[in-house]
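**Q** For reference, the chains in residue letters:
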Amino acid sequence: MVATQDALLAQMRRGTLQYCVLSLLADEERYGFDLVRGLAELDGMVTSEGTIYPLLSRLRRDGLVESNWQESPSGPPRRYYRLTNAGRAALDAFRLEWRRFRDAVDHFVERTDER
Amino acid sequence: MSTRADELINEYLDRLEEELADFPSTRRRELVQEISAHIAEARASLENEDEASIRNLLDRMGDPADIAAEAAGPPPAEASRRPEAIVQEPRAGAIEIGALVLLLIGGLVLPVIGWIVGVVLLWVSSAWTLPQKLLGTLVVPGGLALPIGLGVLATSSATCVQVPLPATPNAMACSSGGSGG
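Residue numbers (my numbering), protein chains in the order written: chain U, 607 to 721; chain Z, 7 to 187.
Derived by calculation from the structure, the hints in this document are not laboratory data.
Every clue listed holds true.
Cβ pair distances, simulated, as ranges:
(1) U:Val711 x Z:Glu23: 40 to 46 Å
(2) U:Ala710 x Z:Leu110: 45 to 51 Å
(3) Z:Ser42 x U:Arg664: 16 to 22 Å
Stretches of chain Z that chain U covers, calculated by requiring three or more beta carbons in the stretch to come under 8 Å of a beta carbon on chain U:
(4) 29-38
(5) 43-49
(6) 60-72
In this text the structure is predicted, and so the values were computed from the model without any measurement.
C-beta: ideal position from N, C-alpha, C; glycine also.
Please construct the entire structure, taking both the sequences and the accompanying hints into account.
**A** Here it is, written out as C-alpha cells:
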C-alpha cells in the first residue's frame with residue numbers, strides 16, 4: 607500500500623510539476639536555481655533538484671519556454687527562462703482542466719473525510 | 007576541505023556525464039553545464055562547507071541516473087510498460103483470418119483441400135491455444151466430428167436413426183407456439 611501510494615504520488619507530481627514550473631514563470635523570468643528554490647518552498651514538489659533541468663530542456667524544445675544567458679553578479683552566467691505565448695496558453699488550459707479535476711476529486715474525497 | 011568538496015562535485019558531474027553518454031553532445035553539455043552552475047550556486051549559499059554539507063547538497067540534486075532518465079523522456083514507469091502489453095496481445099493477422107475463412111467455407115469452394123489448408127493455417131497460427139485448435143479442427147463446420155459421428159451412426163444403427171438437424175427443434179417450437187396462440 608505504501609509502495610503503490612509512493613508511486614502514485616510520484617506520478618501525480620510528475621504530471622503536474624511542469625505546470626508548476628510554468629506558473630512560476632508566469633509573472634517573471636527566473637533562472638534554474640531560483641526556480642528550484644521556488645518549488646522547494648512547498649513540501650513534496652521536488653524530490654531531486656537535478657531533474658528540473660531535463661524538464662526545462664523539454665519545455666524549451668516544446669516551445670513553452672524560452673531562455674537566454676545573463677551575467678551573474680557572482681559566479682558563472684545564469685540561464686534565465688521565461689514563458690512563451692504557447693506556454694501561457696498551455697498553462698491557462700491546464701488551469702481550467704485542473705480546477706475541474708480537483709473539484710471533482712474533492713467532491714468525493716473531502717466528503718468521505720467528514721463522515 | 008575545499009579540495010575534497012571539489013573532488014566530490016567532480017565525481018558527481020563525471021557520473022552525470024557518463025549517464026548522459028547516449029545523448030547528443032549539445033544536450034549533454036547543456037545539462038551538465040546547468041547542473042554544475044546549480045551546484046556552484048548551492049555551494050556558495052552553504053553556511054559552512056564541509057564534506058557532510060557537500061554530500062547533502064549532491065543528494066538533493068538526485069541520482070545522475072534519475073536525471074538521465076528524466077532527460078530520456080516522460081513517464082518511465084507507466085507509459086513504457088503499457089504499449090508492450092498491447093503489442094503482445096494476439097491480434098487477428100492474415101493467417102488467422104485465412105484459417106477462419108477456409109475452415110468455414112473453404113470446403114465449399116475447393117472440397118476437402120480448402121478445409122485442409124484451413125486446418126494447417128489454424129495449427130500454424132500462434133493466436134490460439136491447443137484446446138482451441140483441437141476444437142477448431144473437430145467441431146467447426148466441415149470439421150471431422152460430424153463425418154466421424156455420422157459414420158459411426160450409419161454403421162451401428164443404419165435403419166432407424168435420423169440425424170438430428172439443427173432446424174428440427176426450432177420447427178417444433180414454432181408449431182407448438184402457433185397452436186397455443
